[in-house]
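Asker: Here is how the chains run, residue by residue.
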Amino acid sequence: MSTTRAPLRTGPNGRPVRPFVMPASFAGKLRVWRYLLLRRVVQFGVLLLFLGTVRWGWEVAGKPLLSGNLSASELLGTIPMADPFAVLQIILTRQLPQAEVLTGAGIILMIYLILGGRSWCAWVCPINMVTDLAAWLRRRLGISDLFRLSRNIRYTVLALALALSALSGVAAFEWISPISMLHRELIFSAGLGWTAVLGVFLFDLFILRHGWCGHLCPLGAFYALAGKLAQVRIRFDAPTCTHCGECARVCPEPQVMNLKAASATGMIASGECTNCGRCITICPENTLQFDLRHFINTRQKTDTTESRQRRAA
Amino acid sequence: MANMTVISRRDFFTRVAQGAALAATGGLVWSYLLNQQARATPFAIRPPGARYEPDFNARCIKCGQCVDACPYDTLKLATADAGIPIGTPYFIPRETPCYMCEDIPCIAACPTGALDPALEDIDDSLMGLAVIDIENCLSWQGLRCEICFRECPVQGRAITVEHHPRRLSKHAMFVPLVHSDACTGCGICEKACPTQEAAIHVLQPDLVQGKIGDHYRLGWTSDTPITHEFNAVGGTAGADTPASGLDYLNEGPP
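Taken in sequence, the protein lines are chains A and B. For the first sequence, the working numbering assigns the number 1 to the initial residue and increments by one for each residue that follows. For the second sequence, the working numbering assigns the number 314 to the initial residue and increments by one for each residue that follows.
No lab work stands behind these hints: they were computed from the structure. Just so you know, not all the hints are guaranteed correct.
[To be verified] Some chain A residues near chain B, calculated using beta-carbon distances under 7 Å:
1) V54
2) S71
3) A72
4) Q98
5) E100
6) G169
7) R184
8) E185
9) L186
10) G191
11) L192
[As the list claims (entries may be wrong)] Computed footprint of chain A on chain B; a stretch qualifies when at least three of its residues, placed anywhere within it, have a C-beta under 8 Å from a C-beta of chain A:
12) 332-346
13) 365-376
14) 381-393
15) 414-426
The C-beta atom is built at its ideal place from N, Cα and C for all residues, glycine as well.
Modelling step: build the complete structure from the supplied sequences, incorporating the hints.
Answerer: Here is the structure:
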């Protein structure tokens, strides 16, 4: 990128294209990093709640605070939660699990149907910290991809996980999942699971950019499909967008930044969007904001009727 | 979509084949890993109420709530290198045995039913079976040890002390004997055994138990019904029509 960018480019809305400039002040930087910091707080916080309950016996009113791990857990000894993908695999082994874990999977599924399916990936999954670190290092070191791989391969891995669960009689992904190995061994007891995590890190760092989370992970694929109609989405205000492309550059799933589709629906509708919020804070025009699908849809509807009326008039 | 590209039929089928080959290769490697994991099972001593191993492996979601619920920190989750199906709960009796809580908190904590809630009395659990190495058992050397018998929570039923004649002395030995119908496999005996390496080990019953076979009639045991019916030559136990009890030696096979 040259510094003398003359003549000044203008976006389709006629406004000049302004690149993103990192604020010099610390407060300004904090504003840009706000979702990143919040995500780390949530990710570490969830792990800490589990760890505190298991290792140090944290209790509220005599009930264990958060017992278990991210595969299945119980909040305050009453509210069950469970990984719906893991439960689906167990059901496919032709075992009908107890009502408790079925309820737990339902609760988690409902939560992500509201918060956005892959919010799990950006806000809770501990592997995200590993792959984000790999992506950051990779950018720093300027490492290019070893090969290209379709991002849709994760749906093949998802189908394979379900098929192998049915064929082998064990929950296929749960038995090799580096995600589970990471949080299980962090919370309960350390073993060689970190080698699988290291594998993911090296794969993302040296072989394929966003290789694990963006191409292979079947849990991400599951949440992308399950959260297709999720409520929390990123709103896109088409008139303010200058097509500067900063959002697509910072997005770990750049294929979701389809501005044409976003203009039509008024949001980043793809289930593959992880609601990480990177695009929101980098956008120089404040075009992108968190919103609810319901409100976006109603606004979009009134907008189109208004413009239709204007055109008719 | 506007950016859809037109591909030839040949390219289309090549891509389908490539996709299928990728899935098949991945699937093969993946199922090999699953097989390796599932085969590592026979030495794992599971928490009380654990279902038959394949069903247990299928149901367990590896959440560790049983581990969390155990008041004695007996249970552990298998790490990637434990040689036990990854993430599943187990315990090492020699380190910390199961102290057989009456309310069985681990089963209450299990959300999937991998630990079967049908087990209500901890005395009915079957985590394993204690097996005595008589070459190293102190009692079998003629010493009055009997620690396993005294520590056993199902005392007098799971382990009894029997006298046994000794070759070189006129004194009998008092040796422990495990009864599989009452032993729960809690491992307290293995923990208590005073030898350098425990001379009593809890193992999966499948690994050590034989089976006489239904066709043996132990006429001298009190619960064998006295009957004149027996199974015809070459027939199996429980055959549909048992032959009448004719005099086999005098009259030949029926």
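Asker: List in ascending order the numbers of the hints, as given earlier, that are violated by the structure.
Answerer: Violated hint (a single one): 9; every other hint is consistent with the structure.
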